[in-house]
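Kindly produce the complete structure, drawing on both the sequences and the hints.
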Amino acid sequence: MLVNSVLENLFNMLGGLGLFLLGIREMTQSLEKVSDSFIKDIIDKFTKNKYMAAFIGVIITVIVQSSSAVTVIVVGMVEAGLMALNQAAAVIMGANIGTTVTSLIIAINLLSLAPLFIFEGVVFVFFKNKFLKTLGSILTGFGILFLGMNMMSSAAKPLSNLPIVKEFLISFNNPIIGVLFGVTFTAVVQSSSVSIGMLEALGLAGTISLRNAAFIIYGQNVGTCITALFAAFGTGKVAKRTVAIHFLFNIIGAVMFIGLTLFTPFLQLIEKIFSQNIMFQISSLHILFNVVSTIILLPFTDALIKLAYKIVPDKKN
Numbered sequence: 061m062l063v064n065s066v067l068e069n070l071f072n073m074l075g076g077l078g079l080f081l082l083g084i085r086e087m088t089q090s091l092e093k094v095s096d097s098f099i100k101d102i103i104d105k106f107t108k109n110k111y112m113a114a115f116i117g118v119i120i121t122v123i124v125q126s127s128s129a130v131t132v133i134v135v136g137m138v139e140a141g142l143m144a145l146n147q148a149a150a151v152i153m154g155a156n157i158g159t160t161v162t163s164l165i166i167a168i169n170l171l172s173l174a175p176l177f178i179f180e181g182v183v184f185v186f187f188k189n190k191f192l193k194t195l196g197s198i199l200t201g202f203g204i205l206f207l208g209m210n211m212m213s214s215a216a217k218p219l220s221n222l223p224i225v226k227e228f229l230i231s232f233n234n235p236i237i238g239v240l241f242g243v244t245f246t247a248v249v250q251s252s253s254v255s256i257g258m259l260e261a262l263g264l265a266g267t268i269s270l271r272n273a274a275f276i277i278y279g280q281n282v283g284t285c286i287t288a289l290f291a292a293f294g295t296g297k298v299a300k301r302t303v304a305i306h307f308l309f310n311i312i313g314a315v316m317f318i319g320l321t322l323f324t325p326f327l328q329l330i331e332k333i334f335s336q337n338i339m340f341q342i343s344s345l346h347i348l349f350n351v352v353s354t355i356i357l358l359p360f361t362d363a364l365i366k367l368a369y370k371i372v373p374d375k376k377n
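In the working numbering, the protein residues as written are 61 to 377.
These aren't lab readings, by the way, just hints derived from the structure by calculation. Just to be clear, a hint being listed does not mean it is correct.
[As the list claims (entries may be wrong)] Subject to a maximum C-alpha distance of 30 Å in a straight line, what follows is the list of computed DSBU-like cross-link-like pairs (lysine-lysine):
| hint | residue 1 | residue 2 |
| --- | --- | --- |
| 1 | Lys300 | Lys193 |
| 2 | Lys332 | Lys190 |
| 3 | Lys297 | Lys105 |
| 4 | Lys108 | Lys297 |
| 5 | Lys297 | Lys366 |
| 6 | Lys297 | Lys190 |
| 7 | Lys108 | Lys332 |
| 8 | Lys370 | Lys193 |
| 9 | Lys370 | Lys108 |
| 10 | Lys370 | Lys300 |
| 11 | Lys105 | Lys332 |
| 12 | Lys190 | Lys105 |
Pasting the structure below:
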């Protein structure tokens, strides 16, 4: 009986993750479809100054809801000679901030409206108007996302009482285990938004604390670079240097925040501010990671570029 119950909850959790992935994919692909050329035009026109470039990176990622998509576009533009490395570095930093909006939306938890989003979305999909069709896909994806998160959360509650699951979750207090899990999981699902959403679902179920989640979040930000790495295969050195800058930014940020977590009452402060809501605790940590890392590292883009040249050097004659 116990085995059947565990398997049922495990299947429900996997099904919830599948719905969550489908919802994110439907939403982001629909947004990308209507904004791809717009993104390239905006990046081309408004990224001459690195601070403006970072701001543009934030805005377009909020619109598209995918830092990976923006980063891949940036890698392509650098490869085509349409953008310099210092511009690309700033846009990528901004994109990392923009993608945190998804975690904030999830933390608001609009689960009660999910069926309405799906119904309206499906109705709009049947319209002939292209804009309404796209809007329908976005709304449907949004609703499916929340349904998936609710399934994950509901299935996680009974599973979290199992001793092996408790030990597994507690193990994330170890910085190395937490970071490695965050990197691996995000590399597999190809989306930091999905992995942060799953953490928030576990938080909603009461199965994970901010301390347990913190090191996973730092690893997730590194793992999201994998998509850009794939995009750089078969490209030239300049595109590979762009990916190297993306990795450096997130690795340096992870090291900084691991230090903050281990040696300061940083997490306790977040818990105090959002004492009643673990989902907002997780979301705010994710936002702070990217905002603080950008504020600190944006003035040093030239130094990051020099490091990228050392990682991907020019061939000697």
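Each hint, compared with the structure:
no., hint, in the structure
1, Lys300 <-> Lys193, "violated, 37 Å"
2, Lys332 <-> Lys190, "violated, 46 Å"
3, Lys297 <-> Lys105, "holds, 24 Å"
4, Lys108 <-> Lys297, "holds, 22 Å"
5, Lys297 <-> Lys366, "holds, 13 Å"
6, Lys297 <-> Lys190, "violated, 39 Å"
7, Lys108 <-> Lys332, "violated, 41 Å"
8, Lys370 <-> Lys193, "violated, 47 Å"
9, Lys370 <-> Lys108, "holds, 25 Å"
10, Lys370 <-> Lys300, "holds, 12 Å"
11, Lys105 <-> Lys332, "violated, 43 Å"
12, Lys190 <-> Lys105, "holds, 27 Å"
When held up to the earlier numbered hints, the structure conflicts with 1, 2, 6, 7, 8, 11 and fits the remainder.
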